[in-house]
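There are 4 protein chains.
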Amino acid sequence: MAIEIMAVGGYSEVGRNMTAIKVDDEVIICDMGVHLENYISLTEDEDLVNIHPDELIAHNACPNIELLGEWKEKVKAIIPTHAHLDHIGAIPFLARSFECPIICTPFTAALLNSLITDAKIPFKNKIKVLNVNSSIKISNSLTMEFVSITHSTPQTVVAVLHTPYGKIVYANDFKLDNYPVLGTKPNLARLEEIGNEGDVVCLVMDSLYAHEARKMPSESVARAMLKDVLLGTYCEGKAVICTTFSSHIARLKSMVDYGKRMGRKVIFLGRSLHKYIAAAESVGLVKFSEQAEIVKYSSKVKSRLNKMMREGIDKYLIICTGHQGEPQAGLYKMAHGMFDFKRGDHVVFSSSVIPSPTNQRNRHVIEEKLTSLGVRIFKDIHVSGHAAREDHRDMIEMLKPKHIVPSHSEPDRMAALADLAYDLGYHERFIHLLKNGSILKFNGA
Amino acid sequence: MAIEIMAVGGYSEVGRNMTAIKVDDEVIICDMGVHLENYISLTEDEDLVNIHPDELIAHNACPNIELLGEWKEKVKAIIPTHAHLDHIGAIPFLARSFECPIICTPFTAALLNSLITDAKIPFKNKIKVLNVNSSIKISNSLTMEFVSITHSTPQTVVAVLHTPYGKIVYANDFKLDNYPVLGTKPNLARLEEIGNEGDVVCLVMDSLYAHEARKMPSESVARAMLKDVLLGTYCEGKAVICTTFSSHIARLKSMVDYGKRMGRKVIFLGRSLHKYIAAAESVGLVKFSEQAEIVKYSSKVKSRLNKMMREGIDKYLIICTGHQGEPQAGLYKMAHGMFDFKRGDHVVFSSSVIPSPTNQRNRHVIEEKLTSLGVRIFKDIHVSGHAAREDHRDMIEMLKPKHIVPSHSEPDRMAALADLAYDLGYHERFIHLLKNGSILKFNGA
Amino acid sequence: MAIEIMAVGGYSEVGRNMTAIKVDDEVIICDMGVHLENYISLTEDEDLVNIHPDELIAHNACPNIELLGEWKEKVKAIIPTHAHLDHIGAIPFLARSFECPIICTPFTAALLNSLITDAKIPFKNKIKVLNVNSSIKISNSLTMEFVSITHSTPQTVVAVLHTPYGKIVYANDFKLDNYPVLGTKPNLARLEEIGNEGDVVCLVMDSLYAHEARKMPSESVARAMLKDVLLGTYCEGKAVICTTFSSHIARLKSMVDYGKRMGRKVIFLGRSLHKYIAAAESVGLVKFSEQAEIVKYSSKVKSRLNKMMREGIDKYLIICTGHQGEPQAGLYKMAHGMFDFKRGDHVVFSSSVIPSPTNQRNRHVIEEKLTSLGVRIFKDIHVSGHAAREDHRDMIEMLKPKHIVPSHSEPDRMAALADLAYDLGYHERFIHLLKNGSILKFNGA
Amino acid sequence: MAIEIMAVGGYSEVGRNMTAIKVDDEVIICDMGVHLENYISLTEDEDLVNIHPDELIAHNACPNIELLGEWKEKVKAIIPTHAHLDHIGAIPFLARSFECPIICTPFTAALLNSLITDAKIPFKNKIKVLNVNSSIKISNSLTMEFVSITHSTPQTVVAVLHTPYGKIVYANDFKLDNYPVLGTKPNLARLEEIGNEGDVVCLVMDSLYAHEARKMPSESVARAMLKDVLLGTYCEGKAVICTTFSSHIARLKSMVDYGKRMGRKVIFLGRSLHKYIAAAESVGLVKFSEQAEIVKYSSKVKSRLNKMMREGIDKYLIICTGHQGEPQAGLYKMAHGMFDFKRGDHVVFSSSVIPSPTNQRNRHVIEEKLTSLGVRIFKDIHVSGHAAREDHRDMIEMLKPKHIVPSHSEPDRMAALADLAYDLGYHERFIHLLKNGSILKFNGA
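Protein chains in written order, with the working numbering: chain A, 163 to 607; chain B, 163 to 607; chain C, 163 to 607; chain D, 163 to 607.
Since the hints were derived computationally from the structure, they do not count as laboratory data. Predicted, not measured: the structure shown is a model, and the values here were computed from it. We put the beta carbon where it would ideally sit given N, CA and C, even for glycine. Honestly, I wouldn't trust all of these hints.
Below, a list of computed lysine-lysine pairs in the DSSO-like style, where the Cα atoms sit at most 30 Å apart [what the hints assert, rightly or not]:
1. K562(A) - K597(D)
2. K504(C) - K347(D)
3. K564(B) - K597(C)
4. K564(D) - K531(C)
5. K562(B) - K477(A)
6. K415(C) - K477(C)
7. K458(A) - K562(A)
8. K531(B) - K299(B)
Facing chain D, a subset of chain B residues (Cβ under 8 Å, in silico) [unchecked claim]:
9. P519
10. Q522
11. H526
12. K597
13. S600
The whole structure should be built from the sequences, with the hints applied where relevant.
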């Protein structure tokens with residue numbers, strides 16, 4: 163047998179996910195993301211078009227594709243599993259190094275096209291759309307199957323690579339949510355069936371919350387939290403401003419729904435929200451443009467805010483970017499002059515603080531600023547999209563992989579998933595804690 | 163003017179709440195609870211009847227009523243605001259030192275009667291029932307009003323003492339939940355009205371989560387979490403065991419509801435659950451005995467469990483005590499031999515770990531034990547019943563008290579509430595961080 | 163009696179310390195510092211001379227002297243108690259608003275002169291030098307006494323204001339170190355004597371580590387740690403680079419001493435270190451310029467580093483700035499191109515991370531960078547200069563103040579000191595948790 | 163080649179260390195310790211003689227020697243590397259299952275003999291003494307070499323097993339301390355020589371503090387901290403009580419030294435301290451019985467304390483057990499009635515809190531108790547005996563092992579050491595995170 167897996171990015175770190183799977187003489191790449199923190203610190207002052215991929219790699223903002231060496235010529239497909247930047251963000255910069263198509267779900271494709279347009283970089287790879295719960299033949303030997311799974315952005319998939327020697331399952335970012343607010347449920351039946359076929363050689367799996375003894379709560383719990391904060395607090399005469407991930411269409415949907423129940427007009431501010439909403443609408447997931455107003459151009463946000471203030475700010479529910487306190491995002495700009503905050507205005511952070519020192523600092527700064535303006539802050543109106551220990555357990559028990567590779571986190575969390583695998587009876591030889599550059603060979607497995 | 167407030171218990175500590183309010187020559191006592199950790203460590207091996215109140219006081223298990231000195235003779239009423247042991251638990255031991263009635267809501271009264279019966283100590287004080295959103299004249303000068311509020315046990319009230327010199331508001335344990343699962347909503351209209359009357363001299367207020375920048379989520383969020391765990395995970399053939407606070411009738415209701423949706427028979431195990439359920443049924447809050455089975459006697463739990471195991475454990479949803487890992491409680495006993503746990507059985511902790519070193523240790527021990535048995539653990543399926551910063555802010559803005567006394571926590575949390583009061587424009591002279599034994603005089607206020 | 167204390171800066175925050183004491187019709191100001199984080203974020207790109215004091219105040223970088231109102235005209239002296247920027251840094255900008263002299267110890271004066279020169283702002287106030295353990299008459303009614311105390315910079319004093327109504331003791335930044343590496347011991351005899359005189363009306367005291375149950379370790383402990391790291395590790399052929407606070411002359415002395423024991427030439431890099439060393443030498447505290455080389459101009463650092471690399475980097479012990487990872491400091495620049503780090507080079511952080519989100523982020527970035535270069539990091543080779551609980555206890559028991567005002571920290575730490583005061587028998591009326599702008603009146607005290 | 167390593171105890175947990183090394187047909191056991199927390203909770207109420215080894219194993223208090231299977235018959239030697247109970251404590255119970263000698267340093271042997279006597283269990287294995295920096299031939303193929311290393315008890319060794327196929331190095335508990343207060347320095351020259359011989363197949367290494375970026379400070383730093391607390395605080399008329407690990411002879415020596423400098427008589431209280439001191443004296447390490455008084459029998463402690471109180475408690479420096487707040491230890495008993503604590507008495511905890519929930523709870527209880535008695539607490543007067551990241555790096559670079567096995571901790575810390583190994587260029591195949599029961603085979607290595 164001749165399957166090899168190379169950890170290219172996102173191993174022993176959070177960000178710039180990329181994994182290469184070599185089967186005989188063919189290579190498949192799963193995900194090709196940016197490291198958000200490094201990427202943002204690099205691109206703040208520059209047009210993307212001016213940044214050479216080597217520079218992105220040098221600053222650990224993109225996966226280091228030089229690690230691929232001779233594999234580079236053999237790549238047959240790039241498979242981004244969902245539309246988050248740490249999984250697709252490097253494609254505009256790096257994909258042209260590979261002579262192969264990109265295969266992804268419709269929402270991911272729509273978003274990717276929009277990124278490519280933004281990047282203003284020539285792009286030649288073909289983007290093939292594959293629906294959830296469908297398969298595509300990549301070569302004579304290899305077939306890619308997309309199994310529907312839940313995460314914090316729509317149309318996320320578990321990528322199952324069928325090879326002559328068995329299956330490789332790549333489940334990098336998921337949770338098992340049987341009460342999703344938007345989109346299809348996890349296809350547990352198919353996952354069990356795959357496990358029962360008995361030939362899963364290796365499972366690569368997001369381990370970010372493997373240390374938490376629970377299942378990750380459903381998005382419907384976040385919806386209940388939002389309802390409580392939006393409908394269950396007194397906000398007459400006050401601004402109510404929500405901020406969350408632009409890619410989190412389900413969360414945005416809850417905001418739109420409750421905004422209407424509040425009797426307020428919902429208004430989305432800024433380019434990033436527009437981009438994701440447009441992608442979601444283009445594939446028929448939502449119809450926000452019928453239910454709400456979307457201010458697409460950043461340059462028009464200020465005048466629209468002024469108009470709202472004149473009309474009565476309590477006629478609106480504002481949704482903006484900036485939940486991590488990013489200095490270039492909407493909320494930051496509003497707090498630093500673009501909006502006239504009044505004592506008692508509400509700001510709802512429908513996200514946690516992604517635990518990097520930069521985010522922690524930026525959130526501290528924005529919260530201090532808002533507090534000094536007398537704003538009421540509602541934090542952590544959120545549940546994560548990443549699996550916790552009991553989701554991992556279910557996944558392993560359904561798929562029955564021979565080998566397990568924890569991904570998408572620092573060594574301590576990867577070790578927590580390894581520990582669960584031990585508990586489930588795995589031997590050390592079949593659990594692999596990798597670092598970028600590691601190659602795993604399944605010899606005679 | 164001549165109002166004085168004495169911090170008797172629960173100031174700069176969590177537990178044994180008791181506050182005395184002196185108006186001219188009359189004293190009202192709000193709450194008379196035990197310090198659970200100290201109380202349990204003292205009573206483990208002893209019949210309650212053998213414990214002299216002085217011993218309870220010496221071990222800081224009860225409020226030190228000797229601090230009252232001459233006030234002791236002047237007590238006109240004892241007002242337990244809700245049925246938690248840290249608010250009513252010392253009444254069976256200490257109330258007889260006072261020649262006065264106890265005034266509380268029907269559920270609190272039912273529970274108190276049950277505690278008194280258990281304690282097997284002669285009890286002479288009269289228990290008067292006062293409904294939520296009602297008032298009672300205590301003396302010519304003093305009237306007690308109960309305003310409905312939400313917390314993690316039914317019929318909790320904000321106690322408003324009307325005096326000739328203004329009102330004292332005692333809101334020790336509450337959150338503002340507009341989507342409660344059981345019982346009435348907070349009576350915000352009356353709280354605002356009281357504030358508008360403009361004569362609130364002092365607000366004593368639970369500060370446990372004053373450092374958290376949010377409103378405390380509604381009980382409906384905990385209900386959504388429970389639904390997700392009970393209905394959204396695969397548990398065919400497995401035991402499913404839930405544990406929570408016996409006094410948390412709303413949470414128990416959600417468990418009963420979802421147990422039925424799972425097609426399982428709900429069964430409550432043990433005396434403590436029976437006691438609270440009986441109290442709740444006696445006042446018409448729930449009808450669990452029609453919807454579920456209640457095993458009242460601890461001595462019968464083992465045989466009932468055996469019977470369930472014979473009949474098929476997956477026909478049942480078991481609800482038991484022991485969410486803090488207490489060695490004397492149901493879950494601990496089940497894990498140590500009373501129940502034959504199988505790999506893959508579910509245990510749902512519908513509580514957080516109350517952060518005392520004893521609880522942390524006990525929970526660690528029970529989780530290790532359950533994990534070693536292959537049990538799946540679902541932690542923190544819970545929201546707190548205590549106010550967070552935005553609840554506090556609403557309370558202060560509604561009531562507009564002249565003075566603020568943070569209660570029910572360690573100094574750091576009391577300081578967090580003081581800090582909020584500063585932000586709202588209060589001067590240091592009107593914010594009081596007390597310790598047990600402190601007396602506050604409102605001279606010429 | 164007519165003493166009032168106004169909290170101007172550094173209350174419920176860490177930074178921009180300033181306290182005003184009014185006695186009848188005369189005002190004394192203790193400390194006038196910057197808030198380092200806010201100050202740096204404001205001044206990064208600007209010449210100091212271009213920044214108007216109002217802007218510094220608007221960004222919370224300086225104490226808000228507008229709070230003083232009518233007191234402003236009555237200020238008789240400004241008393242910086244030591245040479246840290248959060249205690250003296252605002253003097254160049256704000257002192258000119260007051261018609262009064264500045265009184266401080268020789269080292270503080272030397273440093274202040276150097277700050278004034280740097281700021282290039284016209285300065286008119288007279289700087290009077292007062293030695294430790296000496297007094298000066300400020301007016302007919304007021305005398306200022308400097309009692310020697312230990313801290314992390316030389317010639318720190320407890321400022322004792324003698325008034326007709328008793329004494330105000332201002333001990334904002336100190337620890338009790340009986341084994342200092344440099345300078346005089348705390349004058350405990352005088353502190354006890356002051357306490358025995360029985361007329362201390364109020365003690366204002368640094369509460370930063372009041373929650374830690376110990377005395378803060380002596381600087382001699384940090385010296386032992388440095389010895390262990392510098393002499394007890396193998397570093398042949400490797401660079402050894404130490405970084406600490408420029409103002410921490412005692413720590414620098416230990417580095418110089420051990421550098422010589424290592425047989426390496428000690429070299430100080432950069433303006434900030436030069437500034438503090440020059441101040442220390444000017445008052446006879448050390449003679450580093452005879453024992454080490456000091457590269458004064460930032461512009462010459464690079465060429466000097468190049469020369470060291472040519473001569474053999476292991477002939478040197480390098481001391482530079484940048485222990486908090488500040489992007490404008492020496493270590494950061496060295497790690498980003500100015501120095502050619504080799505695998506196995508040593509970097510010794512002789513400081514803790516000052517716990518602000520900005521520092522935590524900057525330290526994270528520099529540590530990641532150094533680690534990626536293969537550098538060995540030695541962290542936390544440090545003890546703090548701030549009192550812990552047992553130092554506070556000694557201070558209170560020696561001075562026996564009537565009132566206590568915790569200063570120099572967030573509310574939780576202030577509350578920890580309040581809690582200690584309670585334990586020592588103080589009543590709530592005599593413990594005051596202030597916020598900037600609070601005024602405390604000792605009426606009839 | 164035919165070397166196998168079995169993780170028997172102490173892998174993915176802290177405690178009951180035991181590792182078996184099989185070379186062809188011969189097995190060597192390194193360490194055979196108890197899991198202190200589980201051991202104590204089991205033996206509290208029982209005579210050791212009554213506890214069957216199976217019961218100790220069933221409660222995870224001892225290593226599970228049943229995992230050895232057929233290896234059991236092949237054991238040629240048991241090698242406890244130092245005198246801590248988590249490394250030797252199970253020998254009295256389990257060694258008789260093996261037909262082989264025990265080989266250890268003189269101090270370890272002395273202590274082991276004393277444990278055997280205490281256990282009152284028949285014991286048949288021969289105890290052979292091997293000095294540090296010496297070797298012994300175990301069989302025709304195997305030689306054991308003891309290399310001197312530093313730790314928190316005397317005569318700790320790195321065990322180097324010489325086999326026909328290379329060396330296995332077992333360094334389970336060490337730090338690199340070039341300024342030890344007692345005993346020999348680490349034999350770095352020999353460790354480097356072993357590395358240069360180029361045949362270290364595997365290094366098993368304590369990873370407890372692999373996540374801390376520094377070298378662990380020398381014991382001389384703890385000595386400086388003790389000096390500061392004992393000589394640098396005012397304690398006239400007050401009791402001064404120190405507590406630390408009974409096995410930490412170097413720490414005890416510092417206490418004896420400073421006790422004399424204080425002009426106080428040093429007195430050791432209790433059996434445990436006597437046991438370790440007797441062992442240390444029997445091998446010539448110290449002469450405490452000439453410098454101090456040792457109260458050997460627990461039964462005499464109370465009367466001796468009474469005598470001290472009569473004579474003047476400030477004539478003594480008391481050293482007792484109980485630094486973790488253990489309810490059966492000296493300090494706990496003193497605080498609960500055996501000693502008449504006065505306000506202002508000093509208690510010095512010369513240890514950290516070993517981070518298990520039981521210790522945290524016990525320490526919380528004793529600190530609350532002491533604080534309520536007005537006692538002054540000095541915490542964390544301590545440095546650890548375990549390596550930090552820079553010690554690990556030195557060890558790996560000196561020994562140049564082919565394989566690395568992190569030991570002695572939870573998965574997260576093991577992963578931190580694995581991460582360091584990655585940084586040093588190791589491939590995933592050569593780094594092994596084991597769990598009890600794992601077997602590692604070096605096939606064709």
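> What hint numbers does the structure not satisfy?
Replying inline: 7, 8, 12, 13
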